[in-house]
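Whenever a hint applies, use it, and build me the whole structure from the sequences.
Going by numbering that gives the first Met the number 0, the letters in the sequence shown line up with residues 0 to 73, in that order.
Simulated from the structure, these hints should not be mistaken for laboratory data.
Treat the hints with caution; some may be incorrect.
[Said to hold, decoys possible] Straight-line alpha carbon distances no greater than 30 angstroms define the calculated DSS-like cross-link-like pairs of lysine-lysine that follow:
hint: 1; residue 1: LYS22; residue 2: LYS73
hint: 2; residue 1: LYS73; residue 2: LYS23
hint: 3; residue 1: LYS68; residue 2: LYS22
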Amino acid sequence: MNKQEAEEIIVEYLPKVYGFAIKKSFSYDEAEDLCSDIISGLYPSLLSAKEIYNMDGYIWRICEHIYSKYVSSK
0 MNKQEAEEII VEYLPKVYGF AIKKSFSYDE AEDLCSDIIS GLYPSLLSAK EIYNMDGYIW
60 RICEHIYSKY VSSK
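This is how it looks when you write it as structure tokens:
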């Protein structure tokens, strides 16, 4: 996937990812940190992906994975 496609996907999913972070966090500051971590992990993952058949599932799986790493680091 090229950079422009990855950026368009991130812009499209950013409100949903932020909503996910708010639901999983105890404060808005924590939600912003979590959202930032998710986007930081999502962008390179999208760039390295060749074909994604289920974009929703792919993104939510990454969100859950990064959230679990975030919780275990606290």
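For each hint, the structure was consulted:
no. : hint             : verdict
1   : LYS22 with LYS73 : holds (17 angstroms)
2   : LYS73 with LYS23 : holds (13 angstroms)
3   : LYS68 with LYS22 : holds (16 angstroms)
Checked against the numbered hints given earlier, the structure satisfies every one of them.
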